[in-house]
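So the sequence lines, in the order shown, correspond to chains A and B. Quick note, the first sequence lines up with residues 1 to 217 if you use this note's numbering. Quick note, the second sequence lines up with residues 1 to 217 if you use this note's numbering.
Treat the hints as calculated values from the structure; they're not laboratory data. Note that the structure is predicted; figures quoted are calculated from it, not measured. Careful: at least some of the hints might be erroneous.
Put simply, identical chains are the same to the list, so a pair is met inside one copy or across any two.
For lysine to any residue, the following SDA-like pairs were computed, each having C-alpha atoms within a straight-line distance of at most 20 Å [unchecked claim]: (1) 16 - 203; (2) 129 - 117; (3) 46 - 9; (4) 16 - 207; (5) 46 - 138; (6) 46 - 143; (7) 16 - 90; (8) 16 - 58; (9) 200 - 182; (10) 46 - 142; (11) 46 - 83; (12) 129 - 118; (13) 46 - 151; (14) 46 - 195; (15) 46 - 35; (16) 125 - 115.
2 protein chains.
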Amino acid sequence: MTITITAFEQSPDGGKGLARDTRVRWALEEVGQPYEVRPVSFLAMKEPAHLALHPFGQIPTYEEGDLAMFETGAIVFHIAECHAGLLPDDINARARAIAWMFAAVNTVEPPILELANARLLEGDKPWSKERLPLVADRVRSRLNQLSARLGDADWLDGAFSAGDLMMVSVLLRLRLSGIVDEYPNLAAYLARGEARPAYKRAFFAQLAANAGKPSTG
Amino acid sequence: MTITITAFEQSPDGGKGLARDTRVRWALEEVGQPYEVRPVSFLAMKEPAHLALHPFGQIPTYEEGDLAMFETGAIVFHIAECHAGLLPDDINARARAIAWMFAAVNTVEPPILELANARLLEGDKPWSKERLPLVADRVRSRLNQLSARLGDADWLDGAFSAGDLMMVSVLLRLRLSGIVDEYPNLAAYLARGEARPAYKRAFFAQLAANAGKPSTG
């Protein structure tokens, strides 16, 4: 059955790989599944046809036969559950890899989203300059803990898993802030993620789709 | 095998059910699994023994035989995967229920966490009064979409699932703000969640554990 995902017709980052379709492309590349992409405009995203697929009017969505689903973490998990390569076989190691998937989106990403909001939505507010360092420190408090846990390991728990895929993807959102570079082991962890052939294929696929389109974010 | 979870020795909410152990207790009650609770103090949470279980120094954790894991969403998913009652048998419906679990923690909860931070961490800042309505509106933009999707259904996608358990738990954090009451169908959805016998058992168990201990949050 053909897998079809949606992506921004014109990504706000101009193709830097930060839109969430990159996470799903990466997962599909890791497990070697071909996929098609249906681009969606910002206007179409808020219209009934897309809202029927994605109640929050975002991308990506995932369609395969009778299945239509949304939410990046769930799509990556579905891919990992259906194909070998992203979750360990050992049942306890599998549960821990899933823990890292949730930790990426529910523990590490929220302060990163808050920092993005502080920049994008409140950058022109009178409190912006004084407030930004407070929010950045909330990100650092998470990265301190993540860095301590990772130590000098290559990946968060044994072999590369969907947990690493999600964590690397979340940390990549911090690239422009320079905060990850304060943690050499996390910077090396990101570099290991980006060096994976599957990541590169995903990154260049979304870059090509955005080629020649101006960045708006 | 005995299931042991950790919870605050003294919950910051004094037992209002907002600490994340309530989500795990609720899941265990839904599937009828007994469990033990090991209370952890704020100090002990940041010490090596607990950090080995939970790299971010939080509660809850979950131990069962050889398995030790952290992160509420992952623990609830693990319980749902191992016991009947929280995920549908149909494979597509199961994927959609998991989508709602991730939507709860990665799409709906982040602006709610931001609102909590605005109140708890920045309530004394000079920008607090002007900024709070902006953050509350970010919560509303999600709830508008969630309310539209729920419509007059009882649960998000067919029968009650772990997706509803997580979404109700996330929305309960808004109780004091009054924002959920602006959406009668979401308020009724919350009330349906709270009316479940398993939720009540979980709520009163955590309340009893915090009885007589002063609220700090």
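Hints, verified against the model:
{"no.": "1", "hint": "16 - 203", "verdict": "within (8 Å within a copy, 45 Å between copies)"}
{"no.": "2", "hint": "129 - 117", "verdict": "both (13 Å within a copy, 18 Å between copies)"}
{"no.": "3", "hint": "46 - 9", "verdict": "within (13 Å within a copy, 45 Å between copies)"}
{"no.": "4", "hint": "16 - 207", "verdict": "within (7 Å within a copy, 47 Å between copies)"}
{"no.": "5", "hint": "46 - 138", "verdict": "between (32 Å within a copy, 16 Å between copies)"}
{"no.": "6", "hint": "46 - 143", "verdict": "between (34 Å within a copy, 15 Å between copies)"}
{"no.": "7", "hint": "16 - 90", "verdict": "neither (35 Å within a copy, 37 Å between copies)"}
{"no.": "8", "hint": "16 - 58", "verdict": "within (18 Å within a copy, 33 Å between copies)"}
{"no.": "9", "hint": "200 - 182", "verdict": "neither (24 Å within a copy, 45 Å between copies)"}
{"no.": "10", "hint": "46 - 142", "verdict": "between (33 Å within a copy, 13 Å between copies)"}
{"no.": "11", "hint": "46 - 83", "verdict": "neither (32 Å within a copy, 38 Å between copies)"}
{"no.": "12", "hint": "129 - 118", "verdict": "both (10 Å within a copy, 16 Å between copies)"}
{"no.": "13", "hint": "46 - 151", "verdict": "between (43 Å within a copy, 17 Å between copies)"}
{"no.": "14", "hint": "46 - 195", "verdict": "neither (35 Å within a copy, 34 Å between copies)"}
{"no.": "15", "hint": "46 - 35", "verdict": "neither (24 Å within a copy, 44 Å between copies)"}
{"no.": "16", "hint": "125 - 115", "verdict": "both (14 Å within a copy, 17 Å between copies)"}
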